[in-house]
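Each chain is listed here by its residues.
Protein chains: 2
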Amino acid sequence: MAKFDMKEIKIVDVQVQDIRFPTSLQAQGSDAMHKDPDYSCAYVSIITSQTDLIGYGLTFTLGRGTEIVCVAVEALSFLFKGQRLHNIYTNFGQFWDRVTNESQLRWLGPSKGVTHLAVAALMNALWDLWAKIEEKPLWRLLVDMSPEQLVSTMDFRYISDVLTKEEALEILKQQRENDIETKIERMKTRGYPAYTTATGWIGYSDDKVRELCAKYLTLGFTAFKIKVGINLEDDKRRCKLMRDMIGQDNLLMVDSNQRWDVEEAIRWMQGLAEFNIYWIEEPTSPDDILGHRAILKH
Amino acid sequence: MAKFDMKEIKIVDVQVQDIRFPTSLQAQGSDAMHKDPDYSCAYVSIITSQTDLIGYGLTFTLGRGTEIVCVAVEALSFLFKGQRLHNIYTNFGQFWDRVTNESQLRWLGPSKGVTHLAVAALMNALWDLWAKIEEKPLWRLLVDMSPEQLVSTMDFRYISDVLTKEEALEILKQQRENDIETKIERMKTRGYPAYTTATGWIGYSDDKVRELCAKYLTLGFTAFKIKVGINLEDDKRRCKLMRDMIGQDNLLMVDSNQRWDVEEAIRWMQGLAEFNIYWIEEPTSPDDILGHRAILKH
Chain W
1 MAKFDMKEIK IVDVQVQDIR FPTSLQAQGS DAMHKDPDYS CAYVSIITSQ
51 TDLIGYGLTF TLGRGTEIVC VAVEALSFLF KGQRLHNIYT NFGQFWDRVT
101 NESQLRWLGP SKGVTHLAVA ALMNALWDLW AKIEEKPLWR LLVDMSPEQL
151 VSTMDFRYIS DVLTKEEALE ILKQQRENDI ETKIERMKTR GYPAYTTATG
201 WIGYSDDKVR ELCAKYLTLG FTAFKIKVGI NLEDDKRRCK LMRDMIGQDN
251 LLMVDSNQRW DVEEAIRWMQ GLAEFNIYWI EEPTSPDDIL GHRAILKH
Chain X
1 MAKFDMKEIK IVDVQVQDIR FPTSLQAQGS DAMHKDPDYS CAYVSIITSQ
51 TDLIGYGLTF TLGRGTEIVC VAVEALSFLF KGQRLHNIYT NFGQFWDRVT
101 NESQLRWLGP SKGVTHLAVA ALMNALWDLW AKIEEKPLWR LLVDMSPEQL
151 VSTMDFRYIS DVLTKEEALE ILKQQRENDI ETKIERMKTR GYPAYTTATG
201 WIGYSDDKVR ELCAKYLTLG FTAFKIKVGI NLEDDKRRCK LMRDMIGQDN
251 LLMVDSNQRW DVEEAIRWMQ GLAEFNIYWI EEPTSPDDIL GHRAILKH
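Line order of the protein sequences matches chains W and X.
Everything in the first sequence is counted per this note's numbering, starting at 1 for the first residue and increasing by one.
Everything in the second sequence is counted per this note's numbering, starting at 1 for the first residue and increasing by one.
Since the hints were derived computationally from the structure, they do not count as laboratory data.
Warning: the hint list may mix true and false statements.
[As the list claims (entries may be wrong)] Derived pair list, reagent style DSBU-like, types lysine-lysine, alpha-carbon separation capped at 35 Å:
1. LYS35(X) - LYS112(X)
2. LYS240(X) - LYS7(W)
3. LYS215(X) - LYS165(W)
4. LYS173(W) - LYS183(W)
5. LYS297(X) - LYS297(W)
6. LYS188(W) - LYS35(W)
7. LYS81(X) - LYS112(W)
8. LYS112(W) - LYS10(X)
9. LYS215(W) - LYS236(W)
10. LYS236(W) - LYS173(W)
11. LYS188(W) - LYS10(W)
12. LYS35(W) - LYS112(X)
13. LYS297(X) - LYS112(X)
14. LYS297(W) - LYS112(X)
15. LYS112(W) - LYS188(X)
16. LYS81(W) - LYS112(X)
17. LYS297(X) - LYS35(X)
18. LYS35(X) - LYS165(W)
Model the full assembly from the supplied sequences, consistent with the hints where possible.
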């Protein structure tokens, strides 16, 4: 018998904490646009009527302004308090729509900036809660969902000209037939594939990059990201150093954190081509789709 | 002699007020996505060392969540306090860049949502202050600026693949030669051209729309906007009513406030074509540039 019965459980409170870490002291997290970030978070706890059932979610920030996200979480919390979990999870996509399209708050940008970050922490906490109710890790909750359940958690309004709900369903059905049991076994034995960014923050000395590459190679990493974008000659030196450390068979990626305009991005990446870069993250404004296409074509 | 000397004046404080109006009580401001807005604002006052010189700016909200924008203004205010006005206005574009790219706060989305709204109120207050120092209305401050000064107030980083600073400069120079004095005279005698949205909120009865059309025609308006997007048959009736009231020579525009996906937008606007709609505002997600192009082509 299941430990928790969704029909009986209500959300009784939403709490949020402003948690900051002084990572800027050692240039951890530093990149071409954020030279001194204090990697921090707004940490949300969704408290239920079942005292041993709490959902946790967080949204990432760079320090200053985390209090703005916390106030946004508080402003959204009235939509969560008093709700029965059963009503939320039987139509999760509709609940998401209710939260992001609240008729007065949506003006502040439901899919943008501060309220977007606040919604992310809250929805992450709901996903965490769902997995706990089902007594599974979150990845297994998702894998065990039917394609119909999965698409019901999403809102297709603004992407239906590119991908309809029916098309998404068809893709998921095909994927499911494609040897799902082997994939589940691999997740259980090998875990998530991951790359590391920890070796290449822009404020790190060459010696520190070398030392960290050695450490993460030993840990089994096969993909490494390095921050670029302030000075091309520095970037060439650092990419060479990284490539020398990790060898030709491992993957090397770069991230300029929105630093460039479109032409500069093309020129810069041509300058780094010899290091066999797997991909570039945020070469320019993340909203400039046509700009990204132009960069891709070069 | 000028009343104010920029070199002497500093910003000593930034104050922000959360001001709300219960417009939802009479459906004022209602549209297809915001059925009960309380048209409100975060109201910013930039206090200077010159007691009779204060800059005012506001950013518009729909009620709930205005407190989030106020907290964002407070979070940004350290960038303003203590600044000499001379340093701000001699390189306004650079100051804007400093505010929107503050290394920790920019993570929250400098050109998105809550922080975007907060920056807007603060920068509007700085423009108001500038006009007061020059003892001119703001439009005249802008008109009197040289093309070089105007482009220096802007940041071209993310649009340089479409419009460079040099191209913008060239456009402004050509415009300036194009009979600027006549245009200034027209502004002085006739004021700003404007359209009205006040006649067509979606929650208004047909009788109220009729009454308001008559009123705004008397006031001299020649362009009218009506909210659409919930029900096509209702929209046809309301557009016909509006067109009958304002006649064929005045302009009629519609606004669906992001209600539709791309296909629905095309179908709906074809349904309203007979009313000779001048333009449609926000037919779908405001960020979907390719979607807007697809709608335009139909």
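Hints and how they fare:
1. LYS35(X) - LYS112(X): 23 Å, holds
2. LYS240(X) - LYS7(W): Not satisfied, since the Cα-Cα distance of roughly 49 Å exceeds 35 Å.
3. LYS215(X) - LYS165(W): 46 Å, violated
4. LYS173(W) - LYS183(W): 15 Å, holds
5. LYS297(X) - LYS297(W): 25 Å, holds
6. LYS188(W) - LYS35(W): Not satisfied, since the Cα-Cα distance of roughly 38 Å exceeds 35 Å.
7. LYS81(X) - LYS112(W): 28 Å, holds
8. LYS112(W) - LYS10(X): 34 Å, holds
9. LYS215(W) - LYS236(W): At roughly 22 Å apart (the allowed maximum being 35 Å), LYS236(W) and LYS215(W) satisfy the hint.
10. LYS236(W) - LYS173(W): 45 Å, violated
11. LYS188(W) - LYS10(W): 32 Å, holds
12. LYS35(W) - LYS112(X): 21 Å, holds
13. LYS297(X) - LYS112(X): 28 Å, holds
14. LYS297(W) - LYS112(X): 28 Å, holds
15. LYS112(W) - LYS188(X): Not OK: LYS112(W) and LYS188(X) at ~40 Å, beyond 35 Å, violated.
16. LYS81(W) - LYS112(X): The hint holds at about 27 Å.
17. LYS297(X) - LYS35(X): 30 Å, holds
18. LYS35(X) - LYS165(W): Judged against 35 Å, a Cα distance of about 27 Å means the pair holds.
Comparing the model with each numbered hint stated earlier shows that hints 2, 3, 6, 10, 15 do not hold.
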